[in-house]
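Take the sequences, apply the hints, and build the full model.
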Amino acid sequence: DSGVTQTPKHLITATGQRVTLRCSPRSGDLSVYWYQQSLDQGLQFLIQYYNGEERAKGNILERFSAQQFPDLHSELNLSSLELGDSALYFCASSPTGQGASAFFGQGTRLTVV
Amino acid sequence: AQSVAQPEDQVNVAEGNPLTVKCTYSVSGNPYLFWYVQYPNRGLQFLLKYITGDNLVKGSYGFEAEFNKSQTSFHLKKPSALVSDSALYFCAVRDSPNGGKLIFGQGTELSVKP
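Protein chains in written order, with our numbering: chain L, 1 to 113; chain R, 1001 to 1114.
Worth flagging that the hints you see were computed from the coordinates, not collected in a lab. By construction, the Cβ of each residue, glycine as well, lies at the ideal position given by its N, Cα and C atoms. Check each hint, because a few of them may be wrong.
Here are a few chain R residues that face chain L, going by a calculated C-beta distance under 8 Å [stated by the list, open to error]:
id, residue
1, Y1032
2, R1042
3, G1043
4, F1046
5, K1049
6, I1051
7, F1090
8, P1097
9, N1098
10, G1099
11, K1101
12, L1102
13, F1104
14, Q1106
15, G1107
What follows is the structure, given as structure tokens:
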């Protein structure tokens, strides 16, 4: 168990809908990262938050947004969903410090039908 | 920009034989390198990392990795493979020393046959 909790584990929704994925980081970790894993794109970095502030942005679509709350949990919001958004979405957390490791949650499998 | 490459999509090994999963990197500055493993329908599990120091890094489940600066490589190794080692392996690099995102390779599917 990595200590990172993601909910829900599975999500099936229709095109055009909006969903929210939730992540609780390991206790004490200030950084949260979101990744998308699909068969054709591999592991793609979406966005990073550090202590409530956005720190880095990757190839995140404008339809997607995220935030980190004062208790450090994070949410990834996906809207106007398309079939191509079907993927595994991972959250990871990391402590501060050079070379710190990141620990991943079990992921949320999103299926858009 | 920092990057890693895993030149093999798949590696096949017989149980009991040594295994190597290859990774090369391209970084500016000192590299912070990681290996993760992903079992089916599971998240990524941290195996080991290289930050500085000894070029041979030991990690979980009997895995080790050799950092080679001249060849810009960070290959994952295990002296004796188990069927249960069959999984997807990812090499990754931090894009900045302090808390930067991890940049992953494409992954290598390891298959260990009895």
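Hint check:
A least Cβ separation of about 5 Å between R:Y1032 and chain L falls short of the 8 Å threshold, and the interface hint therefore holds. A cut of 8 Å between beta carbons decides the hint on R:R1042: the least distance to chain L is about 6 Å, and the hint holds. The beta carbon of R:G1043 is positioned within 8 Å of a beta carbon in chain L (closest approach about 4 Å), and the interface hint is therefore held. Checking R:F1046 against chain L: minimum C-beta separation of about 5 Å stays under 8 Å; hint holds.
Checking R:K1049 against chain L by beta carbon gives a least distance of about 6 Å; that is within 8 Å, so the hint holds. Restraint check, R:I1051 versus chain L: the minimum CB separation of about 4 Å is within 8 Å; hint holds. Annotation: R:F1090 was flagged as interfacial toward chain L, and the flag holds, the nearest CB pair being 7 Å apart, inside 8 Å. The interface hint given for R:P1097 holds, since its Cβ lies 5 Å from the closest Cβ of chain L, which is under the 8 Å cut-off.
At its closest, the beta carbon of R:N1098 sits 5 Å from a beta carbon of chain L; the interface hint therefore holds under the 8 Å criterion. For R:G1099, the interface hint holds, since its Cβ comes within 8 Å of a Cβ in chain L; the closest pair sits about 5 Å apart. Hint on R:K1101 holds. Least Cβ distance to chain L is approximately 5 Å, under the 8 Å limit. A least Cβ separation of about 6 Å between R:L1102 and chain L falls short of the 8 Å threshold, and the interface hint therefore holds.
With its C-beta approaching chain L no nearer than about 4 Å, R:F1104 sits inside the 8 Å limit, and its interface hint holds. The interface hint given for R:Q1106 is met, as the beta carbon of that residue sits about 5 Å from the closest beta carbon of chain L, less than 8 Å. This hint holds: R:G1107 has a C-beta 6 Å from the nearest C-beta of chain L, less than the 8 Å allowed.
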